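Q: Okay, here's what each chain looks like letter by letter:
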Amino acid sequence: MTRRILISLGAIGVAIVVQKVVIARIPVFGATPDLVALTVIACSRRLRSEPAVVLGFTAGLILDLLGSTPLGLRSMVLTVVAFVTVRTRDRFEISIPTIGLAVWAITLGGSVLLAVVGTLFGQKTLSDPNILTELLLGPVYTVLLGLAVLPLMTKLLGGERQQEIVL
Amino acid sequence: MSERQDHATSFLVILVILSFALMTLDIRSSGGGAVGTLRTGVQSVFAPVQKLATTIVDPVFDLVDGIANAAGLRDANAQLQQRIQELEAKVDELSSVEAELESLRNALGLVPADQNIATVAARVIARGDSFDASFQIDRGSSQGVLAGMPVVDDTGALVGTVIDVTSDSATVVPIISPSADGVRVKTPAQQIGVVLGRGANELDLELLDTTEPVAVGDLLKTSGSERYPGGIKVAKVAEDVRPEANRIVATATPLADFPRLDIVLVLQWTFTGTVEETTTTTSTTTTSLPDSTSTTGGDG
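Protein sequences, first through last, are from chains A and B.
Residue 1 is where the first sequence starts when you use the working numbering, and the numbers rise one by one after that.
Residue 168 is where the second sequence starts when you use the working numbering, and the numbers rise one by one after that.
Keep in mind that the hints are not guaranteed to be accurate.
Mimicking EDC-like on lysine to aspartate or glutamate, the simulated pairs with C-alpha atoms at most 20 Å apart in a straight line are [what the hints assert, rightly or not]:
{"id": "1", "chain 1": "B", "residue 1": "K218", "chain 2": "B", "residue 2": "D376"}
{"id": "2", "chain 1": "A", "residue 1": "K124", "chain 2": "B", "residue 2": "E369"}
{"id": "3", "chain 1": "B", "residue 1": "K403", "chain 2": "B", "residue 2": "D321"}
{"id": "4", "chain 1": "A", "residue 1": "K124", "chain 2": "B", "residue 2": "E379"}
{"id": "5", "chain 1": "A", "residue 1": "K124", "chain 2": "A", "residue 2": "E50"}
{"id": "6", "chain 1": "A", "residue 1": "K124", "chain 2": "B", "residue 2": "E373"}
{"id": "7", "chain 1": "B", "residue 1": "K353", "chain 2": "B", "residue 2": "E369"}
{"id": "8", "chain 1": "B", "residue 1": "K353", "chain 2": "B", "residue 2": "D335"}
{"id": "9", "chain 1": "B", "residue 1": "K403", "chain 2": "B", "residue 2": "D335"}
{"id": "10", "chain 1": "B", "residue 1": "K403", "chain 2": "B", "residue 2": "E379"}
{"id": "11", "chain 1": "B", "residue 1": "K218", "chain 2": "B", "residue 2": "D229"}
{"id": "12", "chain 1": "A", "residue 1": "K124", "chain 2": "B", "residue 2": "D348"}
Derived list of chain A stretches under chain B, where covered just means 3 residues or more per stretch with a C-beta under 8 Å from a C-beta of chain B [stated by the list, open to error]:
{"id": "13", "region": "24-35"}
{"id": "14", "region": "70-77"}
{"id": "15", "region": "96-108"}
{"id": "16", "region": "120-126"}
{"id": "17", "region": "129-141"}
{"id": "18", "region": "146-157"}
It should be emphasised that the hints constitute simulated quantities derived from the structure, not laboratory data.
From a predicted model like this one, the values you see are computed outputs, not experimental measurements.
All residues carry an ideal CB built from backbone N, CA and C; glycine is no exception.
Please construct the entire structure, taking both the sequences and the accompanying hints into account.
A: Set out below in structure tokens:
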């Protein structure tokens with residue numbers, strides 16, 4: 001289990017750098033996939049509940065510290081993302097389409113939560129005229145990116161859960 | 168509900184409460200104190216990795232850009248060649264006028280606010296996303312970058328302000344971010360107003376106590392404030408608007424190309440207590456704003 005946690009932490013670090021250096025440079029119609037949230041979901045599929053939730057919190061904390069959002073905003077969102085993944089993984093790991101649907105729903109929920117709580121804490125995210133486009137397209141791109149990331153993470157973390165579907 | 172899931176729920180509750188506590192603490196401390204130190208520490212760790220990654224991926228992006236813009240570049244090149252010939256002729260005419268203007272300025276004791284501010288050239292090494300427009304640059308306090316310094320692009324258009332600095336990197340909040348403070352601007356008709364970020368590549372312009380309309384294409388420049396020196400070009404008015412009750416609210420388009428920012432210049436300018444007055448310092452680079460792009464130094 002320690003090996004899985006270390007791999008997950010490494011994957012989160014790589015995801016953060018790739019997100020900020022590469023993905024953020026290539027917005028399509030103003031939106032980008034959320035590789036960090038996707039990596040948190042991918043790791044939460046394989047980790048035990050508690051490390052998964054703490055991993056989500058850690059990933060968000062690093063993102064907060066690297067950006068200008070209030071410290072704790074993304075930590076809260078990715079903690080919730082990890083928790084929802086842990087709670088629902090047995091239900092959505094039935095087939096590839098259900099996994100895709102779950103990734104879409106969880107990232108959409110995370111983005112909405114980020115926008116709403118961010119606005120409550122002075123980020124004015126909801127006043128952005130393009131917010132709807134970003135909320136709708138971002139999760140779709142994340143699902144598409146998941147086609148490459150989820151199998152890779154499954155390979156790295158191993159697949160010992162019995163009901164898992166190897167995407 | 169299993170015991171393990173109960174534990175996960177407890178973790179969730181604790182971490183969410185902790186997150187809200189951190190948000191409150193961060194906002195109340197305005198990014199300073201322990202939170203500021205923590206931010207600086209993490210940014211110091213990630214900055215070298217981001218610099219390395221940027222160095223690796225930059226040639227790939229440049230190549231793709233080059234291929235995509237090849238046809239356009241040929242046309243642009245021909246136009247620029249013709250323009251160079253025209254401008255060379257004008258330079259001869261203007262040099263005598265410039266000398267005369269300089270002597271008159273000296274005689275009147277005027278210091279142009281937008282000239283001779285020392286700058287530090289920096290490369291953008293990490294970008295935010297739809298929810299956080301801030302970005303990181305590869306220059307920090309070791310190179311003379313300080314929190315609060317204005318940032319312009321390589322054409323001299325205003326980009327934003329430095330908010331956090333580590334020894335070798337800094338975080339910049341662009342003017343298009345809704346979280347950014349408003350920028351005091353001046354229209355060609357000398358009307359004073361404020362532009363505020365909307366989050367998208369647009370700005371809200373608000374002019375008070377005005378009787379003159381604004382028109383599409385009107386250039387907005389900083390009017391000089393404790394945040395920005397005067398004379399930096401900011402945006403162009405995007406619609407014709409007439410004043411209502413001596414007030415104008417309009418949309419403006421920023422001149423900086425935010426999605427494609429690669430190289431920026433940090434103005435080593437500090438507010439000295441008098442609006443329109445600048446501090447000229449000796450540094451690695453000097454640039455003339457807003458139209459010149461004479462940048463040296465840095466690795467950009």
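Q: Hint numbers the structure violates, sorted upward?
A: 1, 4, 5, 8, 9, 15 and 18
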